[in-house]
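Participant: Got two chains here, each in a separate frame; can you build the complex from them with the hints?
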Amino acid sequence: NAGVTQTPKFRVLKTGQSMTLLCAQDMNHEYMYWYRQDPGMGLRLIHYSVGEGTTAKGEVPDGYNVSRLKKQNFLLGLESAAPSQTSVYFCASNRGREQYFGPGTRLTVT
Amino acid sequence: KQEVTQIPAALSVPEGENLVLNCSFTDSAIYNLQWFRQDPGKGLTSLLLIQSSQREQTSGRLNASLDKSSGRSTLYIAASQPGDSATYLCAVANDYKLSFGAGTTVTVRA
Chain G
428 NAGVTQTPKF RVLKTGQSMT LLCAQDMNHE YMYWYRQDPG MGLRLIHYSV GEGTTAKGEV
488 PDGYNVSRLK KQNFLLGLES AAPSQTSVYF CASNRGREQY FGPGTRLTVT
Chain C
106 KQEVTQIPAA LSVPEGENLV LNCSFTDSAI YNLQWFRQDP GKGLTSLLLI QSSQREQTSG
166 RLNASLDKSS GRSTLYIAAS QPGDSATYLC AVANDYKLSF GAGTTVTVRA
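Taken in order, these protein sequences are the chains called G and C.
In the numbering used here, each number is its position in the first sequence, counted from 1, plus 427.
In the numbering used here, each number is its position in the second sequence, counted from 1, plus 105.
Fair warning: there could be bad hints in the mix.
Stated by the list, open to error - Okay, the calculated bits of chain C under chain G, using three or more residues with CB under 8 Å as the criterion:
#1 132-141
#2 151-165
#3 193-201
#4 205-211
Hints are computed from structural coordinates only; laboratory data are not their basis.
Glycine included, C-beta positions come from ideal geometry on N, C-alpha and C.
Bound conformation, chain C alone (with noise of 0.2 Å):
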């Protein structure tokens, strides 16, 4: 059973820091790794979306890599914002099945 964890569990930093989510996964033979944002009382929204054969994704100020052989993800978000605030959520995909972390809440202060 895939098991996905998330840590820290929440993050406050203050306006332009740079941002370190980290994401692990206990089976390695995965099809992809996405990340999502989940505003509070909100749907999830995909961020990034990391096949099993990259190491890495990039979409404008979110860059996420992908280590399967360690079973780990990292997002990172350059230059943090107040908008950036929400729950991130990893999801590791084992056939058409998702496995989703607890999340990581950020409060970015301005």
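Next comes chain G alone, as it looks inside the complex (with noise of 0.2 Å):
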């Protein structure tokens, strides 16, 4: 049981470029999140998904997309990466209440 996993874990774009974050978990959990976090501030909801085939826009979402094909998986897209979305990156997982949280994925935009 791997819990919520995150691919890359580091990653160095130049403005311009795209890229997409993965987030896996295997514990059936129909709730996904992606947030991001800088210093100073928290962490901060991007999107968020309630179920396989659905999405949702949460607090900060521009300039990200997202898409949950599979129940076990939740894709983060960046189309044109800027510097201002350089931060950490995590991941999270709903069982009832509670959410279970991936390692996080640094991104550095040059």
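Facilitator: Below you can see the structure in the form of structure tokens.
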């Protein structure tokens, strides 16, 4: 039981490049989330999904897209990366009301 | 919009002293409140979850209280140890979404 895993762990992008972050969970959770964490600001919700095939916007969705084609996977896409998207990205999933978090992806956009 | 505040932002105590971490929130219509621990460069580890109907939750040296009417929660860590040094995050659940505070960074001096 791996819990919530994230790929990749680190990435450096140039402005304008695109990439996809992968989140996978093996706990059969319905709800999945993408957050970003910036210094001094806590975690902010980007997008979330309440089940396979569904997605919804969170607090800071601009510049990101998501897809949930399979229940166990939640993908976060950056179509044209900007320096303001330099951050640590966390994925989480829900069992009942308690959220379980992945180890994070550290993204730098130069 | 739920606003979560954690005070103080940083705390330094000698080993053995009890720790008191505060969290306040603006919307009392919550489902639950979670306390997390985050070590530098790492993900989030769930410490305690308090359901909205509960007043407190305990795990070992950790005790968390919840006062929904006043929008406050307090995390107590008894007899602190250097291994307790970390950032502690408070998160409040409205519906299935979490709102995070910016965290309290704790240093326990040996």
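Participant: Given that the region 151-165 of chain C was listed as covered by chain G, double-check it with a C-beta distance under 8 Å for 3 or more residues.
Facilitator: holds (count 3)
Participant: Check whether three or more residues of the region 193-201 of chain C sit with their beta carbon closer than 8 Å to a beta carbon of chain G.
Facilitator: With 4 residues closer than 8 Å to chain G, the region 193-201 of chain C meets the three-residue bar; holds.
Participant: If you look at each residue in the region 132-141 of chain C, do at least three have a Cβ nearer than 8 Å to any Cβ of chain G?
Facilitator: As far as the region 132-141 of chain C goes, the hint holds, because 4 residues have Cβ atoms under 8 Å from chain G.
Participant: Residue count check for the region 205-211 of chain C against chain G: does it reach three with CB-CB under 8 Å?
Facilitator: Answer holds; 4 residues pass the 8 Å Cβ test.
Hint check: no violations occur; every hint is consistent with the structure.
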